[in-house]
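Engineer: Chain by chain, the residues run as shown.
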Amino acid sequence: MKLSAHQKLTRRALVKSLGSAAFLLPGLELFERSARAQTVGKVSKFIVFCYTPDGVNQNQFWPTGTTTSFTLSPILKPLEKYKDKMLILGPQMNGTTLVANTGLTYFAATAQHQAPVTLTARAGHTCSGQFCVGTLGIPYLSNQTTAVNKLDAGPSIDQLIAKNVTKDSSFSSLNFGMHPVGGDTPSDINYLDDGTPLKRLSSADEAWKHMFGATGTTTTTPSMAPLNKLNAVTNYLHARFGELRPALSAADQRTLDSHLTAMTVYETRVQKRLRDALNGQPTNPSCTMPTRAPVATDQTSVSTGADTQALSSFYMDMIATAFQCNLTKVASVTFGYPGGGDAGGLRMPWLGFNDPLHFVSHHGNDSTKLSKYTQMTTWIGGQVAGLMDRLAAIPSATGTGTILDETTIYWFNRHGDGNAHANFALPNIILGGTGGYFKMGRWLQLPKTNPTSVLISLANAMGVSVSTFGEQGLAASSPLAGLTG
Amino acid sequence: MSRTSLKWMGALLLWFAGACQGQIGPGAGASGSGAGPGGSGSPGGSAGPGAAVGSGGQIVSGSGGAANTGGPGTGGSALPPLDCSQPRASTTRLRVLTESQYINSVLDIFQISGSPATGLGPSLDDVSLEQRADVAASLATQAVANLAKWAPCTPPASGSSATCEQQIIDKIGAKVYRRPLSTMERTDLKTLFDAGIKEKDFNTGVEWFLTALLQSPEFVYEVVRPAASENAGEVRPLDGYEYASRLAYFIWDGPPDDMLTTAAANNDFADAAKRDAQIARLLQDARFSRGLAQFYTRWLNLHAFGELARNATGFDQNVVNALSTSLLMSATQLYASASPNIRGLFSGDSYYLNDVLRKFYGVSGTGTAFTAVSMSGQSRRGILTHPAMMAIMARPDQSYPIGRGLFLLRNVLCKLVAPPPDGLVIPPFPPVMTGVSTRERLEMITAAPLCQACHATINGAGFAFESFDEVGRFRTTDQGKPVNTSSSLAIGKDVDGAFATGDALLAKLADSKDVRACFAEAYLDFALSKPVTDQADACSIQSLGTAFGASGDLKQLVSLVAGSDSFRLRLAEGVGQ
Numbered sequence: 000m001k002l003s004a005h006q007k008l009t010r011r012a013l014v015k016s017l018g019s020a021a022f023l024l025p026g027l028e029l030f031e032r033s034a035r036a037q038t039v040g041k042v043s044k045f046i047v048f049c050y051t052p053d054g055v056n057q058n059q060f061w062p063t064g065t066t067t068s069f070t071l072s073p074i075l076k077p078l079e080k081y082k083d084k085m086l087i088l089g090p091q092m093n094g095t096t097l098v099a100n101t102g103l104t105y106f107a108a109t110a111q112h113q114a115p116v117t118l119t120a121r122a123g124h125t126c127s128g129q130f131c132v133g134t135l136g137i138p139y140l141s142n143q144t145t146a147v148n149k150l151d152a153g154p155s156i157d158q159l160i161a162k163n164v165t166k167d168s169s170f171s172s173l174n175f176g177m178h179p180v181g182g183d184t185p186s187d188i189n190y191l192d193d194g195t196p197l198k199r200l201s202s203a204d205e206a207w208k209h210m211f212g213a214t215g216t217t218t219t220t221p222s223m224a225p226l227n228k229l230n231a232v233t234n235y236l237h238a239r240f241g242e243l244r245p246a247l248s249a250a251d252q253r254t255l256d257s258h259l260t261a262m263t264v265y266e267t268r269v270q271k272r273l274r275d276a277l278n279g280q281p282t283n284p285s286c287t288m289p290t291r292a293p294v295a296t297d298q299t300s301v302s303t304g305a306d307t308q309a310l311s312s313f314y315m316d317m318i319a320t321a322f323q324c325n326l327t328k329v330a331s332v333t334f335g336y337p338g339g340g341d342a343g344g345l346r347m348p349w350l351g352f353n354d355p356l357h358f359v360s361h362h363g364n365d366s367t368k369l370s371k372y373t374q375m376t377t378w379i380g381g382q383v384a385g386l387m388d389r390l391a392a393i394p395s396a397t398g399t400g401t402i403l404d405e406t407t408i409y410w411f412n413r414h415g416d417g418n419a420h421a422n423f424a425l426p427n428i429i430l431g432g433t434g435g436y437f438k439m440g441r442w443l444q445l446p447k448t449n450p451t452s453v454l455i456s457l458a459n460a461m462g463v464s465v466s467t468f469g470e471q472g473l474a475a476s477s478p479l480a481g482l483t484g
Numbered sequence: 000m001s002r003t004s005l006k007w008m009g010a011l012l013l014w015f016a017g018a019c020q021g022q023i024g025p026g027a028g029a030s031g032s033g034a035g036p037g038g039s040g041s042p043g044g045s046a047g048p049g050a051a052v053g054s055g056g057q058i059v060s061g062s063g064g065a066a067n068t069g070g071p072g073t074g075g076s077a078l079p080p081l082d083c084s085q086p087r088a089s090t091t092r093l094r095v096l097t098e099s100q101y102i103n104s105v106l107d108i109f110q111i112s113g114s115p116a117t118g119l120g121p122s123l124d125d126v127s128l129e130q131r132a133d134v135a136a137s138l139a140t141q142a143v144a145n146l147a148k149w150a151p152c153t154p155p156a157s158g159s160s161a162t163c164e165q166q167i168i169d170k171i172g173a174k175v176y177r178r179p180l181s182t183m184e185r186t187d188l189k190t191l192f193d194a195g196i197k198e199k200d201f202n203t204g205v206e207w208f209l210t211a212l213l214q215s216p217e218f219v220y221e222v223v224r225p226a227a228s229e230n231a232g233e234v235r236p237l238d239g240y241e242y243a244s245r246l247a248y249f250i251w252d253g254p255p256d257d258m259l260t261t262a263a264a265n266n267d268f269a270d271a272a273k274r275d276a277q278i279a280r281l282l283q284d285a286r287f288s289r290g291l292a293q294f295y296t297r298w299l300n301l302h303a304f305g306e307l308a309r310n311a312t313g314f315d316q317n318v319v320n321a322l323s324t325s326l327l328m329s330a331t332q333l334y335a336s337a338s339p340n341i342r343g344l345f346s347g348d349s350y351y352l353n354d355v356l357r358k359f360y361g362v363s364g365t366g367t368a369f370t371a372v373s374m375s376g377q378s379r380r381g382i383l384t385h386p387a388m389m390a391i392m393a394r395p396d397q398s399y400p401i402g403r404g405l406f407l408l409r410n411v412l413c414k415l416v417a418p419p420p421d422g423l424v425i426p427p428f429p430p431v432m433t434g435v436s437t438r439e440r441l442e443m444i445t446a447a448p449l450c451q452a453c454h455a456t457i458n459g460a461g462f463a464f465e466s467f468d469e470v471g472r473f474r475t476t477d478q479g480k481p482v483n484t485s486s487s488l489a490i491g492k493d494v495d496g497a498f499a500t501g502d503a504l505l506a507k508l509a510d511s512k513d514v515r516a517c518f519a520e521a522y523l524d525f526a527l528s529k530p531v532t533d534q535a536d537a538c539s540i541q542s543l544g545t546a547f548g549a550s551g552d553l554k555q556l557v558s559l560v561a562g563s564d565s566f567r568l569r570l571a572e573g574v575g576q
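Listed in order, the protein sequences are those of chains F and Z. First residue of the first sequence? That's 0 in numbering that gives the first Met the number 0, and the numbers climb one at a time after it. First residue of the second sequence? That's 0 in numbering that gives the first Met the number 0, and the numbers climb one at a time after it.
Simulated from the structure, these hints should not be mistaken for laboratory data. Hints may contain errors.
Below 20 Å or equal to it, Euclidean Cα-Cα: the simulated EDC-like pairs (lysine to aspartate or glutamate) are [stated by the list, open to error]:
#1 K82/F to D404/F
#2 K148/Z to D133/Z
#3 K271/F to D133/Z
#4 K189/Z to E242/F
#5 K368/F to D510/Z
#6 K197/Z to E217/Z
#7 K162/F to E242/F
#8 K148/Z to E306/Z
#9 K208/F to D256/F
#10 K208/F to D133/Z
#11 K438/F to D404/F
#12 K80/F to D365/F
Partial list, derived from the structure: chain Z residues whose beta carbon lies under 8 Å from chain F [to be verified]:
#13 L128
#14 D187
#15 K189
#16 W207
#17 P216
#18 E217
#19 S228
#20 P395
#21 A489
#22 I490
#23 L570
#24 E572
#25 G575
The structure displayed is predicted, hence computed values, not measured ones. Even glycine gets a Cβ: it sits at the ideal position worked out from N, Cα and C.
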C-alpha cells in the first residue's frame, strides 16, 4: 500500500501503510525536541546544495534590469514566484575570463569538469596516465566508475556545515543523485575531512532504505534477530580492525581509520533504527511521508532518462520530509554527472529529444543545441522551484512561517558556459528564506565574485563560523560582502 | 582547392577567428619541450622538481608542471644510468578489491550463479559501507541456499555439528581471507557462528559467519602486512599468501585456488621454477580470460563503452553491445594460441562479427555467432582499427583525430602529452561542413604556433586513422574531399618519420620495440594496480621492455610481469611507519 504525497501521518497510519517498516522510521521522536529549539538571531536552519554540471546557455540565464527590479530570464522563469527569495550574484562569479590554476585541468591527462572543486575549493590530486594517487597512497584509476576520486583533504562546505549543525538530527547529511556517476570524469561534490567522497543515494529504493531502513513493502514483525545479527557482526568486524591495524604501515593505518570511522557511523545509525523499531518510538503526527518513485532506476533508465522526472520529484519530496522530520539539516542533490563524452549527463526525453546534457552543452553556438541546452537547464530550474514549493507547504516548527523561510538553497555549477569548459560567469544563485540571514530579492551583479567566499557566506548563514576555506589559489578567508541585510 | 572549398574555408576562418590564440590566464604552465616528460606537479603546491619513468625504463628528470595540474614539464636531461644491480620495488599499500574481483571471489568460492552483486563502488564512506553490508547479507543468504555445493563437510540436517562448523570456519575463512586464519580469528568466528546457531539454527550461523567475512578488511582489501622485524627501506618479498593473492587477482581477476594456497604454504614461490610452473598453470585455466578482459578494458579505455552514441543511422544499442564483445574478442582470442604475439594485436584485417555487425558494416555472412571475418581492402591493421576503437574515439557526427592521436601517443607509444596549458581558451571543434574535411577543420583550428607545439604531433598521429569515420566504417572521402592520412611523427620513438598513408604508420607498430616496451609498462601498471612512475619500478620496466621487445610473446609477458621484482617484492615501510 502506498501513501499519497504529503499524507498526514500518525503512527497508526504508518503501521497500517507500511507494516513493520513504520517501526523503522528513525528519529521522529526527536522532532518535538527540535521543534522547541529556537534559533537565535537571523540564521538559516536548513541548507540544500543543488548541483548542475556543464554550465548554462549564458544568453538565456541572466536577468535584465536593476538590483531590485529585474526580469527573469527563460532559465530562471520557473522560479518567478520566488523572486523575493532569490539572490543572484553573477554574471561575474569567478570573473569574466578563464581562471588558471583552479582545477581547469583536474587530471593531468585530460581536461576535466572538476565537480569536486565546487564545494571543496580544492583542485585535486596527483595523477599520471590513467592512475591517480591520493595522499594516503591508495592507487586508483582516474575513471569515475572504477576509482575513488579521493582528494588530498577535505571537507566540502556542506560537510563542514553538517558537522556543526547535525546535533539531534538522525543524519549528518543526505545526498541524492540523479544518475550521479558516469563517463570518465569525477563527479563527486561531497567530501569528508580526509578527502573521502561521499556516495550519493542514486535511486528511490536506495534513498528510501537509507532514510527509513526498509523498502516499505515488507510486513515482518519486529524481532531481536536483526539487532542481534548486527551486533554479532559488528563485534567481529571491530575485533578485526583492532587486530589488523597495529600490524600495518602508518599509511595503511590511516586508511583503516577512515574505513572504521565510516563503519561506525553506519553501524550506530542502523543500531538506533533497529532499537527504535523494537521500542516502538512515538512518531510526530505532523510528519509527512513522500510517495515512492514509481519508475525504477536501472541501467536502461540511465541511458533513456525514463526515470528522471519521477526520481527528481521523489528526491525533492524526500528532502522536504527530511527537514520536516528532523532527519537532517543538510542535503544535496545532483542532476547527472559532468562530462562523459557525447553520451554523458542527464537525458530528458519528455522535452522531445534524447540528447544528453553534456552533448548539448558543447553547443558550438549551434542554435538547435543552444535551444536544447536552455530547455534542459530550465527544467532543472523547475525542479529547484518544485523543492521550494514543497518546503513552502510545510509550516515551520517554530509556529511562524514555513520551512522554506528557514532554508537556504544553493543552486550551483562549475562551468559558466559548458561549451569551452569556462570556469567563469558561474550561474550560481542563492534561494530560499535563509532564515533572514541574506537580504533576498536582489540581482547583485557583483564584480568578480570569489565562489569560495560564497561558500563561507553559506556556512555563516547556517551559523557556522569559518575563518578560511579552500586551498591555494582557490582559498578565501572571508564571506562575500554585500549579501546580508 | 576548389572554389566551393575556399568559400567554406573562408566561412570557417570567420567562425573561428581568434581560435586558439594563446590566451592564457595568469600562472599557466609552460609548454613542454625536449625529450623527457615533466614530472607531475604536486597537488595544490608549487611547481617543483619532478622525475618520471619513460618507456624502456630511462629515468628522466624535468621540472614539475604548473601547480594543481601536473601539467607540462620543461623536459629534461637524462639522469645517470639506472642501477639495477640490486632488486628494486616500490611500496605496497592496502588495495580495495574491484567490483569484478569481489564478484569473482564470491562466484569461485560459493558457486553462486549469475552476477551476484552490482554497484559496489570503490568508495568506503558510510553510505557505501551500508550497501556493502546489505550485499554481504544477501550473498550470504544465497550461499546458504546452496550450502552443500561449497561446504567442506555435510551440513547437519537438523541441530548443529561442532565438527562441520569448525571445518567451515577454517576452510572457508581461509579461502575468503586468502590465507590461514589466526587463532584470534578462529575464536572470534566461532563466537559469531555460535551466536547465529543460538539465534535460530546452523544455517543462520553460516549466514552470520559469511555476512561478517565479506565485510572484513582482510577480504575487502588486498592486505600486505609488514614483518614485525622489518626496517623501512628494505626490499623484501611478499609472503607466499600475499603473492598468491596478487597473482590470482592479476591473472584470473579472482581469488587464489587451493593449489595456489598450497604452494604458498610450501613456500614454493621462492623457487623460480615452481613459481613459473604455477604461473603457467594459471595461464592455461579458463579464468585467465577474466584477467585479460580486465586488462584490455583498462588499456583500451572501455569502461564507458556502453554509453557510446553516434548519429549514424542504425548505430543502436545492439551494435554498441556487439562491438564491445567483438573488440574484446579481438584481443582475448589471440591467447588461444600457445604463443600469441603482439604482432597479431597490431596486424590483420579479420574481426569477430555477428549478424548485427555484419549488417551494419556491410559484410557478407550470416549467423548470430561471432566469427572471424575479413574486412580486407579497408586499410585495417589489428585492434587499433577495429570499428569499435574508431567509434569510441570519435564525435557523434564525425571522426575525432585528436582523441585518436592522443590514444596512439599515450597508450600505445607511452609518449607523455601534456594537457593544454591551464587557462588556455580552447575553442569548440568546428561543426561538420560539406566540402571541408575533418582534417582541414582541425588543421585550421590548431594552426596557431602555441597550438602547434603539441598539435603538430597529436594531429599527425590522429590523421593516420582518417580512413575511418565516426562509427568505424572505412571511407575514402570525407565531406566530399579525398581522405588524406599522410603525416609524420618526431617523438623520439622507433616509429618516427614521414608516412605517406596511415596504414604505413600502423604497419610499423607490429614490430616496434618502443610499442612493446610501452605495452609491457601498461601490463605492469595493470598488475600492480598503481602507477609505475615510481623510480623503484624502473628496473622492472626496463627488463620487461627488453625481454618482451625481443619476443613479443603476450603470454610470456604475463609470466614476466608476474615474476618481476616490482610484482614479487616490495619496499618495506615498517610497522606503524
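Engineer: Against this structure, judge whether each hint is valid.
Structural biologist: Here's how the hints hold up against the structure:
Annotation: proposed proximity of K82/F to D404/F holds, straight-line Cα distance about 13 Å (limit 20 Å). Distance hint between K148/Z and D133/Z is unfulfilled; the C-alpha atoms sit about 23 Å from each other, more than 20 Å. A threshold of 20 Å between alpha carbons decides the hint, and for K271/F with D133/Z the separation of about 17 Å falls inside it, so the pair holds. A hinted pair counts as satisfied when its Cα atoms are at most 20 Å apart, and K189/Z with E242/F qualifies at roughly 16 Å.
Between the alpha carbons of K368/F and D510/Z the distance comes to roughly 45 Å, so the proposed pair goes past 20 Å and is violated. For the proposed pair K197/Z and E217/Z, the alpha carbon gap of about 26 Å is over 20 Å, so the pair is violated. Under the criterion of a C-alpha separation no larger than 20 Å, the hint pairing K162/F with E242/F is inconsistent with the structure, at around 30 Å. The suggested pairing of K148/Z with E306/Z is violated, with an alpha-carbon distance near 38 Å, which exceeds 20 Å.
For the given pair, K208/F sits about 26 Å from D256/F by alpha-carbon distance, which is inconsistent with the 20 Å threshold. Between K208/F and D133/Z the alpha-carbon distance is near 11 Å, which keeps this suggested pair within the 20 Å criterion. Note on K438/F and D404/F: the hinted pairing holds, with a Cα-Cα distance of about 12 Å set against a maximum of 20 Å. Annotation: proposed proximity of K80/F to D365/F is violated, straight-line Cα distance about 31 Å (limit 20 Å).
At its closest, the beta carbon of L128/Z sits 5 Å from a beta carbon of chain F; the interface hint therefore holds under the 8 Å criterion. Hint on D187/Z holds. Least Cβ distance to chain F is approximately 5 Å, under the 8 Å limit. A least Cβ separation of about 10 Å between K189/Z and chain F goes past the 8 Å threshold, and the interface hint is therefore violated. A cut of 8 Å between beta carbons decides the hint on W207/Z: the least distance to chain F is about 6 Å, and the hint holds.
Proximity of P216/Z to chain F holds as hinted, the smallest CB-CB distance being about 6 Å (cut-off 8 Å). Taken as an interface hint, E217/Z checks out: its beta carbon lies about 7 Å from the nearest beta carbon of chain F, inside 8 Å. A least Cβ separation of about 12 Å between S228/Z and chain F goes past the 8 Å threshold, and the interface hint is therefore violated. Hint on P395/Z holds. Least Cβ distance to chain F is approximately 5 Å, under the 8 Å limit.
This hint is violated: A489/Z has a C-beta 22 Å from the nearest C-beta of chain F, more than the 8 Å allowed. Taking 8 Å as the C-beta contact cut-off toward chain F, the hint placing I490/Z at the interface is violated, the least distance being around 16 Å. Look at L570/Z: its Cβ only gets to about 11 Å from chain F, farther than 8 Å, so that hint breaks. Interface restraint check for E572/Z: the shortest CB-CB distance to chain F comes to about 4 Å, inside 8 Å, so the restraint holds.
With a cut of 8 Å, the hint placing G575/Z at the interface with chain F holds, because the nearest CB-to-CB distance is about 6 Å.
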